[in-house]
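**Q** Residue-level listing of the chains:
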Amino acid sequence: MAVRTLVEAVRDGLAEEMRRDWRVIVLGEDVGVHGGVFRATDGLYAEFGKDRVIDTPIAELGIVGTAIGSALNGLRPVAEIQFADYIFPAIDQIVNEAAKIRYRTNGGFGCPLVIRAPYGAGIHGALYHSQSVEAFFLHVPGLKVVTPSTPYDAKGLLKAAVRDEDPVLFFEHKRTYRRVRGEVPEEDYVVPIGVAEVKRVGQHVSVVTYGAMVHQALEAADALAAEGISVEVVDLRSLLPWDRETVAASVSKTNKVVICHEDSKTAGVGAEVAAFIGEELFDQLDGPITRVAALDTPVPFAPTLEEAVIPGTRHIVDAVRRLAAY
Amino acid sequence: MTTSINMPQLGESVAEGTIGRWLKRPGDRVEQDEPLAEIITDKVNAELPCPIAGQVEALLVEEGATVAVGTPIARIAETTNAVSAGQPPAEAAPVEPAPADVGMFAGTLESLDAPVAPARSASAAAAPASASAADESAARRVRSSPLVRRLAEEHQVDLRLVPGTGMGGRVTKDDILSYLAQRGQAAAQVAQSAPTAPAAPPSSSVPAAAVSAPGPALTPAPAPVAPGEERLLLTPMRRMIAEHLSRTHQTVPSAWTMVEVDVTGLVRWRERARDDFRRREGVPLTYVAPFIQVVVEALKEQPLLNAVWGEDHIRLRRRIHVGVAVALDDGLIVPVLHDADERNLVGIARGLADLVARARAGTLAPSDVQGATFTVNNTGAFGSIVSVPIVPQGQTGILTMEAIVKRAVIVDDAIAIRSMMNVCLAFDHRVVDGAAVGRFLQSIKQRLETYQPPA
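The listed protein sequences correspond, in order, to chains U and S. The first sequence maps to residues 1 to 326 in this note's numbering. The second sequence maps to residues 1001 to 1455 in this note's numbering.
Read the hints as simulated data drawn from the structure, not as lab findings. No experiment lies behind these values; they were computed from the predicted model shown. Errors might be hidden in some of the hints.
Partner residues are not named here, just some residues of chain S that face chain U (Cβ under 8 Å, in silico) [as the list claims (entries may be wrong)]: (1) V1148; (2) R1150; (3) S1443.
The following residues of chain U were derived to be distant from chain S, with all beta-carbon distances above 10 Å [said to hold, decoys possible]: (4) R52; (5) E165; (6) V198; (7) G287.
To give an idea of the chain S side of the interface with chain U (calculated C-beta under 8 Å), a few residues [as the list claims (entries may be wrong)]: (8) S1145; (9) L1147; (10) R1160; (11) G1164; (12) M1167; (13) T1172; (14) K1173; (15) G1394.
The beta-carbon is built from N, C-alpha and C at its ideal position, and this holds for glycine as well.
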């Protein structure tokens, strides 16, 4: 198997899907001639041409609106929002159009649309190039939200997203683009949406997380293993729908859970997961449900401040250690 | 702000309480320390003083209902504008400091040389000053988690018997699993010796997944009642006595010894003095009062007998509180004569008469049954001449007064008829050894044999 970076896995996934299905098109700012600011669409323009790899104006509402229109007319668009921070101009199209089409047509039409967006901090992008936006969309019935953490999952989930009959928001963490490498099969495979994966098996404390924090959690698990604390790392992979069964199985085994995300704490994904555990798994708990998340502030520019706001490996280690001793 | 009022812990090893009567109704104004309800427990009936001033928002438990210690029973709304004069505002309501060091086993070794005041204040704080402090200590005693409570219920485990190793003494999952594993091993041994019993599960490593499903019951089902037999349901008092004594029997390596005491002089003095004493003091002159008097003197000489084992230390106690076992129709209760060392013979006799009367009337207060540092049991009242008592929790020794009988004994190489009494002592051998125990009993023997009555 080839070793690929996460962004290479995204590019491979797009190319393979475009080769497999002529209806798949890519559109967004600088995705064509330039190959994308993160090079996620590099080479697609050369291979598939300007009719299938479309450079758009800097107008996110237009990008998503165009994608919805083309999806309703039979294509399978993959729209790129250059930074997830700029997805908000398109939120009306996403929430009021894409997410509603299945329902307003009584199941007659889907909206087979993928919106890819790089998100997250850790690259000194400051307020407008660091945000985690996934929680905004969890509240919208009709959407699917996916956050892969590894090249294998990125490619497999992207293929599943392209083949899905309904809109999928596909958030790629910028910090994992080139830092995270992994083996990726060359043959066709799909990672189903809505299925979490236990990235590391452990006994004492479950860490439920997703995206870049999966790697921080694995680092924390290594550090804690030296202290005799065995950590199970559950990578949600999909946030909507999310895999309650896998989380329940893990929490029922360890009876202690830390939920970790880079997004700010208030009303984040962790709140939803914690509420589920509190409602459904109350008598499995041997300690308080614990959240590790960013402070409730925008991501600052100064590297020291960014590091102070965003949770790191040490925060997970501290939280798990406390909970293990509880 | 709404404050939850919880069922207080009225006495050691009391697990639940019954609301006898609500003294306030929803909407009623209640002042701080004003009685809110009458609580009936295994040991005592008591009024529950309201820890805060406010308005009764809701009564959560019906009259006559029995709930576990720590269960919320009422909600009081604190209203800052309703604070009466001279009362601190609600925000400034004094918070009971967590009595971290005053628990039975929680303290550090107190030196006898230490100044008196701190030790006294520590002991004073040990008796819960308010219901909220009692709640807090009760909650801490069985602090656990939802998982642990579910496992305890499924496997019928009294969590107070499970040593907690978690933060603040919490009973953790590991604690209860290892407890169950030990109990399972014991059950497996029983199963081996009784081939008809169902085989116990392999218990050395109970996997969490297996535990989360209701496993095979480790406690055997009660045997069916055969013809000619009858099942007597446990009263709360019976259950409490059983739990208390089982715990001691399992945890305290006790030893036993006895001396025989010539109490001829004491008997003669009592025969002479009893009518006058009764007339003068209004209470009967029993042998128990002078006996407690000399025990207290002997305890002062041998402070280890007034101490308690604390796992990694021994806790010496300057104050001497003597528990006195009182037989009731349906059980036994041990009220405490506090600061017995500060009383003379009359004071001891009056205190005893009061405690015994209230024990039989069922009107002891929680503080009346708490804090004993040593126990005296008048088993002679039942005609016993030798008994082997069980050391009470939190104490090092228990002394029995056996029946006084006339026997032929050798005095100065001649046979004489003397009044003899056996004095038996069971003691926690972790705290004290035979030599000190011997000196303690010899001191008692000598003091009784040469008893000098008050003029």
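**Q** Now tell me if each hint is right for this structure.
**A** Here is what the structure says about each hint:
1. V1148: At about 6 Å, which falls below the 8 Å cut-off, the nearest Cβ of chain U leaves the hint on S:V1148 intact, so it holds.
2. R1150: Hint on S:R1150: holds, closest Cβ of chain U at ~4 Å, below 8 Å.
3. S1443: With a minimum Cβ separation of about 48 Å from chain U (threshold 8 Å), the hint on S:S1443 is violated.
4. R52: Holds, since 51 Å exceeds 10 Å.
5. E165: Non-interface label on U:E165 holds, nearest chain S Cβ at 37 Å vs cutoff 10 Å.
6. V198: 15 Å, holds
7. G287: 6 Å, violated
8. S1145: 4 Å, holds
9. L1147: 4 Å, holds
10. R1160: 18 Å, violated
11. G1164: 11 Å, violated
12. M1167: 5 Å, holds
13. T1172: Where the cut-off is 8 Å and the nearest Cβ of chain U is about 6 Å from S:T1172, the hint holds.
14. K1173: 4 Å, holds
15. G1394: Not OK, violated: S:G1394 not within 8 Å of chain U, min 28 Å.
When the structure is compared with the earlier hints, violations turn up for hints 3, 7, 10, 11, 15 and for no others.
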